[in-house]
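Those protein sequence lines, which keep their order, are chains A and B. Here the first sequence is numbered in the numbering used here, starting from 3 and rising by one per residue. Here the second sequence is numbered in the numbering used here, starting from 17 and rising by one per residue.
Treat the hints as calculated values from the structure; they're not laboratory data. Just so it is clear, the structure is predicted and the values come from calculations on it, not from any experiment. Glycine included, each C-beta is placed from N, C-alpha and C at the ideal position. Check before you lean on any hint, since a few could be wrong.
Here are the computed lysine-lysine pairs in the DSSO-like style, where the Cα-Cα straight-line distance is at most 27 Å [as the list claims (entries may be wrong)]:
1. A/111 / A/44
2. A/4 / A/108
3. B/54 / A/44
4. A/111 / A/4
5. B/33 / B/60
6. A/44 / A/4
7. A/81 / A/111
8. A/47 / B/68
9. A/111 / A/47
10. A/44 / B/33
11. B/33 / B/54
12. A/111 / B/54
13. A/47 / A/81
14. A/47 / A/4
15. A/4 / B/54
16. A/44 / A/81
17. A/47 / B/54
18. A/108 / B/54
19. A/108 / B/60
20. B/60 / A/111
21. B/60 / A/47
22. A/108 / A/81
23. A/108 / A/47
24. B/60 / A/44
25. A/4 / B/60
26. A/44 / A/108
Reference listing, derived: stretches of chain B covered by chain A, where coverage requires no fewer than 3 residues with Cβ under 8 Å from a Cβ of chain A [said to hold, decoys possible]:
27. 58-66
28. 116-122
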Amino acid sequence: RKEVEQDPGPFNVPEGATVAFNCTYSNSASQSFFWYRQDCRKEPKLLMSVYSSGNEDGRFTAQLNRASQYISLLIRDSKLSDSATYLCVVNRRDSGAGSYQLTFGKGTKLSVIP
Amino acid sequence: DAMVIQNPRYQVTQFGKPVTLSCSQTLNHNVMYWYQQKSSQAPKLLFHYYDKDFNNEADTPDNFQSRRPNTSFCFLDIRSPGLGDAAMYLCATSRVSAQDTQYFGPGTRLTVL
Numbered sequence: 003r004k005e006v007e008q009d010p011g012p013f014n015v016p017e018g019a020t021v022a023f024n025c026t027y028s029n030s031a032s033q034s035f036f037w038y039r040q041d042c043r044k045e046p047k048l049l050m051s052v053y054s055s056g057n058e059d060g061r062f063t064a065q066l067n068r069a070s071q072y073i074s075l076l077i078r079d080s081k082l083s084d085s086a087t088y089l090c091v092v093n094r095r096d097s098g099a100g101s102y103q104l105t106f107g108k109g110t111k112l113s114v115i116p
Numbered sequence: 017d018a019m020v021i022q023n024p025r026y027q028v029t030q031f032g033k034p035v036t037l038s039c040s041q042t043l044n045h046n047v048m049y050w051y052q053q054k055s056s057q058a059p060k061l062l063f064h065y066y067d068k069d070f071n072n073e074a075d076t077p078d079n080f081q082s083r084r085p086n087t088s089f090c091f092l093d094i095r096s097p098g099l100g101d102a103a104m105y106l107c108a109t110s111r112v113s114a115q116d117t118q119y120f121g122p123g124t125r126l127t128v129l
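Looking at chain A on its own, in the form it has when it is part of the complex (with noise of 0.2 Å):
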């Protein structure tokens, strides 16, 4: 099983719409958790982290379940700059060089389009 699972999409969506990626992770130590987005061609950029409380930041919302390992990101009043590709990430110890280690999910790719 891999550490950080994501649908890969392409998900295509028309603006205004709303759109929920999943993300699981198998490691259960893991301690942190956020989503990142990458335009094409460009660095992965932090959108927002992940808390169990659950947290939003205007059109978008994140939500973890630690019991369940699972991770969730809703945007809503999908604009077409949204288009990017969303990683899901997990952040764990390394306990040998006592740092810490994302592990990121492929990806899930969405277009929003007119």
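We have chain A; now place chain B onto it with these hints.
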């Protein structure tokens, strides 16, 4: 202002010709990472430095080496690039905390002829 800078943005090299990619940061972060990302794949961690301590991933080929002469700079050396090494190379930095995420540079796109 750019916080993680990578040079060059595009690098073309010949098969077997050594190449060095550069990363610098203005964040004073303890940890610097190098990732390789190929088309439609997740970024793959090659190695990272926690201060001066080098931590190699088990599956990183010996062809890839790294140097961190000071807090601000980190280099990726590819000793004998093969066609399969053509990819985007991403540098990232972070502090040391579970809640701290990583900040990525813009990447260097490597082409091997």
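For each hint, the structure was consulted:
{"no.": "1", "hint": "A/111 / A/44", "result": "holds, 14 Å"}
{"no.": "2", "hint": "A/4 / A/108", "result": "holds, 10 Å"}
{"no.": "3", "hint": "B/54 / A/44", "result": "holds, 12 Å"}
{"no.": "4", "hint": "A/111 / A/4", "result": "holds, 19 Å"}
{"no.": "5", "hint": "B/33 / B/60", "result": "holds, 23 Å"}
{"no.": "6", "hint": "A/44 / A/4", "result": "holds, 24 Å"}
{"no.": "7", "hint": "A/81 / A/111", "result": "holds, 14 Å"}
{"no.": "8", "hint": "A/47 / B/68", "result": "holds, 26 Å"}
{"no.": "9", "hint": "A/111 / A/47", "result": "holds, 15 Å"}
{"no.": "10", "hint": "A/44 / B/33", "result": "holds, 26 Å"}
{"no.": "11", "hint": "B/33 / B/54", "result": "holds, 20 Å"}
{"no.": "12", "hint": "A/111 / B/54", "result": "holds, 15 Å"}
{"no.": "13", "hint": "A/47 / A/81", "result": "holds, 18 Å"}
{"no.": "14", "hint": "A/47 / A/4", "result": "holds, 22 Å"}
{"no.": "15", "hint": "A/4 / B/54", "result": "holds, 18 Å"}
{"no.": "16", "hint": "A/44 / A/81", "result": "holds, 19 Å"}
{"no.": "17", "hint": "A/47 / B/54", "result": "holds, 17 Å"}
{"no.": "18", "hint": "A/108 / B/54", "result": "holds, 11 Å"}
{"no.": "19", "hint": "A/108 / B/60", "result": "holds, 10 Å"}
{"no.": "20", "hint": "B/60 / A/111", "result": "holds, 18 Å"}
{"no.": "21", "hint": "B/60 / A/47", "result": "holds, 16 Å"}
{"no.": "22", "hint": "A/108 / A/81", "result": "holds, 23 Å"}
{"no.": "23", "hint": "A/108 / A/47", "result": "holds, 15 Å"}
{"no.": "24", "hint": "B/60 / A/44", "result": "holds, 15 Å"}
{"no.": "25", "hint": "A/4 / B/60", "result": "holds, 13 Å"}
{"no.": "26", "hint": "A/44 / A/108", "result": "holds, 15 Å"}
{"no.": "27", "hint": "58-66", "result": "holds (count 5)"}
{"no.": "28", "hint": "116-122", "result": "holds (count 7)"}
The structure is consistent with each of the numbered hints, conforming to all of them.
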